[in-house]
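Starting from the known structure of chain A, arrange chain B on it as the hints suggest.
The listed protein sequences derive, respectively, from chains A and B. Position 25 of the first sequence, counted from 1, bears residue number 25 in our numbering, the numbering being contiguous throughout. One rule links them: number in our numbering = place in the second sequence (from 1) + 135.
Among these hints, one or two may not hold up.
Stated by the list, open to error - Pairwise CB distance ranges, derived in the manner of DEER restraints:
no., chain 1, residue 1, chain 2, residue 2, range
1, B, L145, A, D111, 21 to 27 Å
2, A, M11, B, A142, 26 to 32 Å
3, A, D122, B, V202, 35 to 41 Å
Said to hold, decoys possible - Far from chain B by the CB rule (all over 10 Å, computed), these chain A residues:
no., residue
4, R35
5, L37
6, L38
7, L40
8, L42
9, A45
10, N48
11, S109
12, V110
13, E117
14, L119
15, A120
Claimed, not checked - Covered by chain A, per the in silico footprint, the following chain B stretches (three or more residues, Cβ under 8 Å):
no., segment
16, 137-150
17, 183-190
18, 202-212
19, 256-267
20, 343-352
It is worth saying that the hints were derived from the structure and are not from the lab. Every residue gets a Cβ at the ideal spot worked out from N, C-alpha and C, and that includes glycine.
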Amino acid sequence: MTSHSDLLGIMFYGAAVALLLIGLYTMLTRRHLIRVLLGLTLVEAGVNLALVAAGFRPEAAAPILGPGAAPAMVDPVPQALILTAIVIGVGILAFALSLVVRIHRTYGSVDLQVIGERLASDPDGTGSEIRRRAP
Amino acid sequence: MRGRDLAALLFLAGLGALLASVMAELGFGNPPLRAGGPILEQSPSQVGAANIVTSVVLAYRGMDTLVELTILFTAATAAGMVLGQGTRAGRSQSPAGFILSTAADALFPFLLVLGAYIILHGHLTPGGGFQGGTILAVAFFLPLLAQPNAGIDERITTWVEGSAGAAFLLIALAGLAGDGFMAPFPGGELGELLSAGSLPVLYLALGLKVGAELAGLMGRLLTEDEA
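In isolation and in its complexed conformation, chain B is listed as follows:
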């Protein structure tokens, strides 16, 4: 092991020196990034979302987000294929203790509200579909940690995931009536809850899809039975 450790350290020292010189060239605070400036200027009138990161994620790079959802879906499908059908009937896992069970029950409504809030305010404040969707997934995953035998109903997660994905695609296709595929419909007063046109709806679909996907994925990993 000694020789391997030394070789790894030598390699990392060289890589570190290389990266340090690259970053020194890059310049902090004034890097050669040219897309940000115009987006900052134009996005309030073009998209109308107060959170400009959201305008980038869903409008300027909306196609990218669609492909990213596809990647997440592919990863979840591949994980499901690798794990195979869980045979939960075999061995039963003991339920968690009093503290985790009580906390999971008590936190459930708050996590749901927080997740929904973060998704619906994604165009106004930091947050959005990915972050809120993760919180929604945790809301359903915590009770599963407390009661591992309960399991997550995969029919429901699959249904939510499928319909949310279809809604995302339909809104994207509806953009064809305007400026093109994935084009947003601006509208509403900047900073209001109902603003930025189709962006909140897109984020809602995205959040539900991410939440259902993650909940199903974590549930599948947790209830995985040792053969």
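In isolation and in its complexed conformation, chain A is listed as follows:
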């Protein structure tokens, strides 16, 4: 049983770390803002998976009481935490997406490099000059 549980642990924690690293790699190397946000959601998924996996108990059921004697159950606290974390992730994502919409409206691009160049050539930092020059 120990080796089985160890294998599960390597699988779950390994998947969590892999998701987190893939997400971070995406955020570090992509220039498209929407892809950066996709990387952020991957990081969130990795962290959530790690937390949920921390509540694992060998041979335990989901923390829902049924009729009859209650068997061993997994830790409900990380699951409740994840519920909170997912919803907050949605809120952050929505806010970030609306910022991206606003950036696109002002600088006409979602490419970080292009935005950087246009920012550098923006005299007053409001984007009005760029909009005026744009066709």
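Structure of chain B alone, referenced to chain A:
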């Protein structure tokens, strides 16, 4: 780009090694989490919800959920402020095709029933206000995808959201008559639909609030007009 990719890979390899060593120390299946055990033992008598995750979300960590609702509200408000007032009068978006329109109409009642079911059974089965609220929001968002010009009536979503939030707070305040702010009122037979006292009502308010908030938010992002 090559150098940047290499630097990112090096950084991630180091971070991965660090995280792997931390997780190896943590121990799988027996981590140092001490709150779960007592909650599993006491929650049937203290809260009386068959779904113990719900007892944690709404009773033991009810204050946390209240603050979380505030965060969601703040994020939605901030998104609305950043996007500004949508000027939908300008450019009209073409309606979606036959398949999406028909599917949105056909799915609407089923999504409503499923969302309501998941919210109302949140204290018995996996699910609850957040999950059901999201499904309710999708029920109203799908027709909007099919007919982007229709828009979501923001007066209705704001009204639902406000009154649901107020109901959540009132139930929380009513706890002051008992054990304190946010204290649940246990009651009912464990496993029955009408059980766990105030928890189903709290989840109903929460689900309506989350649903209205998400529907309004997605609608605002969709009908955002390119300047």
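Hints, one by one, checked against the model:
no. : hint                        : in the structure
1   : B:L145 x A:D111: 21 to 27 Å : 25 Å, holds
2   : A:M11 x B:A142: 26 to 32 Å  : 30 Å, holds
3   : A:D122 x B:V202: 35 to 41 Å : 38 Å, holds
4   : R35                         : 14 Å, holds
5   : L37                         : 13 Å, holds
6   : L38                         : 16 Å, holds
7   : L40                         : 14 Å, holds
8   : L42                         : 13 Å, holds
9   : A45                         : 15 Å, holds
10  : N48                         : 14 Å, holds
11  : S109                        : 13 Å, holds
12  : V110                        : 12 Å, holds
13  : E117                        : 16 Å, holds
14  : L119                        : 18 Å, holds
15  : A120                        : 19 Å, holds
16  : 137-150                     : holds (count 7)
17  : 183-190                     : holds (count 5)
18  : 202-212                     : holds (count 6)
19  : 256-267                     : holds (count 5)
20  : 343-352                     : holds (count 3)
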